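In the order they appear, the protein sequences are chains A and B. Everything in the first sequence is counted per the numbering used here, starting at 1 for the first residue and increasing by one. Everything in the second sequence is counted per the numbering used here, starting at 1 for the first residue and increasing by one.
Simulated from the structure, these hints should not be mistaken for lab results. Quick caveat: nothing in here was measured; it's all calculated off a predicted structure. Just to be clear, a hint being listed does not mean it is correct.
Not everything, but these chain B residues come out facing chain A in the computed CB check (under 10 Å) [claimed, not checked]:
1) GLU65
2) VAL69
3) LYS180
4) GLY242
5) LYS248
6) ARG260
Subject to a maximum C-alpha distance of 30 Å in a straight line, what follows is the list of computed DSS-like cross-link-like pairs (lysine-lysine) [to be verified]:
7) A:LYS69 x A:LYS42
8) B:LYS126 x A:LYS99
9) B:LYS126 x B:LYS180
10) B:LYS153 x B:LYS119
11) A:LYS99 x A:LYS42
12) A:LYS99 x B:LYS180
13) B:LYS261 x A:LYS69
14) B:LYS143 x A:LYS99
15) B:LYS95 x B:LYS255
16) A:LYS42 x B:LYS58
17) B:LYS58 x A:LYS99
18) A:LYS152 x A:LYS28
19) A:LYS99 x B:LYS153
20) B:LYS248 x B:LYS267
21) B:LYS227 x B:LYS126
22) B:LYS143 x A:LYS69
23) B:LYS143 x B:LYS153
24) B:LYS255 x B:LYS227
25) A:LYS42 x A:LYS89
26) A:LYS89 x B:LYS126
27) B:LYS248 x B:LYS126
28) B:LYS126 x B:LYS143
29) B:LYS267 x A:LYS42
30) A:LYS99 x A:LYS28
31) B:LYS248 x A:LYS69
32) B:LYS153 x A:LYS42
33) A:LYS99 x B:LYS95
34) A:LYS89 x B:LYS227
35) A:LYS99 x B:LYS261
36) B:LYS227 x B:LYS261
37) A:LYS28 x A:LYS56
38) B:LYS58 x A:LYS69
39) A:LYS56 x B:LYS248
40) B:LYS126 x A:LYS69
Ideal placement from N, C-alpha and C gives every residue a C-beta, glycine not left out.
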Amino acid sequence: MRIRCELVIFGGSAGSLQVLINILPQIKLPIPFAIVIVVHRKNSYDTVLEDLIALKTLIPMEYVEDKSKLQPGVLYIAPSDYHMLFEDKNNIALDGSEKVNYSRPSIDVSFESAAFVFREQLVGILLSGANADGTFGLQMIQEKGGITIVQKPETAEVSYMPQFAVLNANPDFIFNEEEIVTFLNSNI
Amino acid sequence: MIEELELETLINEVYEHYGFDFGNYSKASLKRRVDRLYQMDGFSHFHEFLHRIQTDEKYYKRMIEEITVNVTEMFRDPVFYSVLRNEIIPFLAPKPFIRIWHAGCSTGEEVFSMAILLKELGLLHKSLLYATDINASVLETAKKGIFPLRMMKQYSENYLASGGTEDFSSYYSANFNIVKFNPELSEKMVFSQHNLVSDTSFNEFDLILCRNVLIYFNNDLQSRAIKLFDDSLSVLGFLALGSKETIKYTQGDSKFVQLRKEKIWRKIQ
Ligand SMILES: C[S@@+](CC[C@H](N)C(=O)[O-])C[C@H]1O[C@@H](n2cnc3c(N)ncnc32)[C@H](O)[C@@H]1O
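Isolated chain B (complex conformation) (with noise of 0.2 Å):
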């Protein structure tokens, strides 16, 4: 197992080699992480570790990737997206255009679940649905739209409890073990990297989720999030979180209001 200054040490090794900056993670989270690394890639001792991915790029990608939780599902929390459904979306109808950014996506469930949503919403076709991420990997399936059969049971319950009234099969086909869902949910969709920790803000947005990737923040990390994210939000726009996040401990709290308690807050000035 990594000890506390070993950890340190990778830390900055990554930033001196790559320029990727883990420092402002969460600690207790990176290291659970990095630990599983070394053990799933049978190393013994850390110099090893840190020479690899000091000297072996490819390496070095696999570890972001392993590193970075990328769990997801669609319609996680099917009550945040009932909220959405009746009370957040419909604020956003009347407008001419509705820009939402989906701000680590991941593997895209969350993305795809919202076209679903706006879709049944009428909403679709005047919607433009950004999702980024500083995973290249997970961007690249999520563009594909393709995801296994096996999860499709539980989606379509979350589905079904987030108040969705449609067969969800139909908007999926499905093909042995996996399923790509229909191309008219993507059209509207801009995949992209980028990085939380260094990128500035690209655009304005009517609402932003980001859930469940602040918590692998630190405190200052997150308060640089939740600048960004009044940076690019209109006024009145809405933020969305992970259920068990808020922005209760980051600066920058005063400029929104939040709405309920499925973390939704509201951008008030």
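Isolated chain A (complex conformation) (with noise of 0.2 Å):
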């Protein structure tokens, strides 16, 4: 069975860079749905993040600014030092609000606005991590009729975020790297 989705968006901080490279390649392109993903990252002012990222996939990527346009088959990364929040369906707005979580970009921050524009059309993904980011936000996204997809903990590098998530936020999924690359080309 396939759902219409239109945004897939992923969280994650420590040690899911490595799942980020492995994963991304392996989605069948043309993709027709946009991704985002909200790492947690050092504030600073370069897009080192951003160029690795590119360098590993062959998804069209934007570097989001505020009011970025959200289009089908691109990927968007959450820059460093802002909350990255959706004002409609295809706009991106930053918020430069207190960190969430002791973060910013916080994971819980971006989930919680997709869930809210996106509802159903969404998919939510949380990675390894040491942080308790991201659950609260999985829950928004359930709360709206959106899927949640949480990394396996064993398989994760950091598993506290993952394992939060299993916990406390009842995902339909918990998946290893493969089966989330299984989902999102054969379920979307």
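The two chains are supplied separately, each in an independent frame; assemble them into the complex guided by the hints.
Have a look at this one:
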């Protein structure tokens, strides 16, 4: 069965970059949904993370600025030191307010905003990390009818974040990397 | 949590009661801020929250203060300040007067950074720094030039990274947990309330900084602000925005050329 999905949003922290680098190149092109990545990153002025991910995948990527357009088939990464929000299905908005869960960008903030805008046309995936960020966001996605996936904690380099979500957010699926890829390629 | 329709109701009521128009603020960010206040103040029904805002002017003021984002820093984005120091300000140096407008100055960290920069370039004596915001209480803080001591380590690092070479602590005197910046820095500053939603141009400037303010506006309101800056800039004047802001999605962008990736535009006509 295929579900209609307009946005797949990944959240991750320590240990999630490698997972993304493994997963992204395996997603079949052209991709019918937009992809957003929110990972904790140090407060800096650079685009090292964007450049690295761009190097590893053929998915077209756009550098995010305030009010950037969101398009299917394109990859977006939340910039450091801003929370990334969704103004509507076609527009990103940035916000420089206080850190949430000691993080800016915060996964909860982006997941919650995406949940309100995309509702059931959303898949949220939480990966490896050492922080409780993301669990509340997954709850919001679920409440609005979206699908929630958590990386199998045993397969995560740092299991705290996915484990916390498994215990508190009752995710629809608990997947390893391969299962995440299969899901993205065949179910949406 | 507030639903979309409730947010619309709130926006309309605030406009009717107090004349303040949040209608063209970014909904995504506004919703977060309103949710935050609603939860912080322990409301459980939207109508209670709304009633309080309608009937209690003090609470309305609190609402304005809490839903606008006032997060700021000295020498925020050091690379930006090094471009100002090395490339932009030297352009303005030959002028008899240098007029600068900080729109949305918050608690003033940005204006004090600018004053330090100008002082080091030997230009502060012939400069005028207008600093405006809608939020009266942040302006009060800015006027005093008093900031928390615990921030100074970060600010001093930012300052050095932006190309500053002096001893940063020579610019303030510390007293318990606060610092006061030297009065000579604020001599050329003028603070006043100004609303980018509804107020008009009030002077002509060589450089306008409006950093991390436009992200809270939708495209229509951003266009209004850019028009206002256009009206307030001399030809070949500079406009500086925050590190993730752009005028690309606004009307009026054709009058400006972007200088480099640090988000500085020059008015060309
Ligand atoms: C995040 S602060 C930016 C401070 C500083 N420019 C910086 O980049 O660090 C945003 C400021 O914009 C102000 N602001 C919001 N709406 C405004 C409006 N309509 N007119 C003028 N200022 C506004 C807020 O009160 C707040 O102080």
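Hints versus structure:
1. GLU65: 13 Å, violated
2. VAL69: Cβ of VAL69 (chain B) sits 4 Å from chain A, so the hint holds.
3. LYS180: Result: violated, 25 Å to nearest chain A Cβ.
4. GLY242: 8 Å, holds
5. LYS248: Result: holds, 8 Å to nearest chain A Cβ.
6. ARG260: 13 Å, violated
7. A:LYS69 x A:LYS42: With Cα atoms ~25 Å apart, LYS69 (chain A) and LYS42 (chain A) stay inside 30 Å; holds.
8. B:LYS126 x A:LYS99: Distance ~39 Å between LYS126 (chain B) and LYS99 (chain A) Cα, so the pair is violated.
9. B:LYS126 x B:LYS180: Between LYS126 (chain B) and LYS180 (chain B) the Cα gap is close to 23 Å, so the pair holds against 30 Å.
10. B:LYS153 x B:LYS119: 21 Å, holds
11. A:LYS99 x A:LYS42: Distance of about 12 Å is within 30 Å: holds.
12. A:LYS99 x B:LYS180: Since the Cα atoms of LYS99 (chain A) and LYS180 (chain B) sit roughly 26 Å apart, the hinted pair holds (cutoff 30 Å).
13. B:LYS261 x A:LYS69: The given pair, whose Cα atoms are some 19 Å apart, holds under the 30 Å limit.
14. B:LYS143 x A:LYS99: 26 Å, holds
15. B:LYS95 x B:LYS255: 23 Å, holds
16. A:LYS42 x B:LYS58: 39 Å, violated
17. B:LYS58 x A:LYS99: Roughly 27 Å separates the two Cα atoms, so the pair holds.
18. A:LYS152 x A:LYS28: 22 Å, holds
19. A:LYS99 x B:LYS153: Holds, at roughly 19 Å.
20. B:LYS248 x B:LYS267: With a Cα-Cα distance of about 14 Å, the restraint between LYS248 (chain B) and LYS267 (chain B) holds, given a limit of 30 Å.
21. B:LYS227 x B:LYS126: 27 Å, holds
22. B:LYS143 x A:LYS69: 39 Å, violated
23. B:LYS143 x B:LYS153: Given pair LYS143 (chain B), LYS153 (chain B) holds - Cα atoms ~22 Å apart, limit 30 Å.
24. B:LYS255 x B:LYS227: 10 Å, holds
25. A:LYS42 x A:LYS89: 28 Å, holds
26. A:LYS89 x B:LYS126: 49 Å, violated
27. B:LYS248 x B:LYS126: 33 Å, violated
28. B:LYS126 x B:LYS143: 20 Å, holds
29. B:LYS267 x A:LYS42: 34 Å, violated
30. A:LYS99 x A:LYS28: 35 Å, violated
31. B:LYS248 x A:LYS69: Distance of about 11 Å is within 30 Å: holds.
32. B:LYS153 x A:LYS42: 18 Å, holds
33. A:LYS99 x B:LYS95: 41 Å, violated
34. A:LYS89 x B:LYS227: 27 Å, holds
35. A:LYS99 x B:LYS261: This hinted pair holds, its Cα atoms lying about 25 Å apart.
36. B:LYS227 x B:LYS261: Given pair LYS227 (chain B), LYS261 (chain B) holds - Cα atoms ~22 Å apart, limit 30 Å.
37. A:LYS28 x A:LYS56: Answer holds: LYS28 (chain A) to LYS56 (chain A) is near 14 Å, not above 30 Å.
38. B:LYS58 x A:LYS69: 39 Å, violated
39. A:LYS56 x B:LYS248: 29 Å, holds
40. B:LYS126 x A:LYS69: 43 Å, violated
Violation of the numbered hints given earlier is confined to hints 1, 3, 6, 8, 16, 22, 26, 27, 29, 30, 33, 38, 40; the remaining hints are satisfied by the structure.
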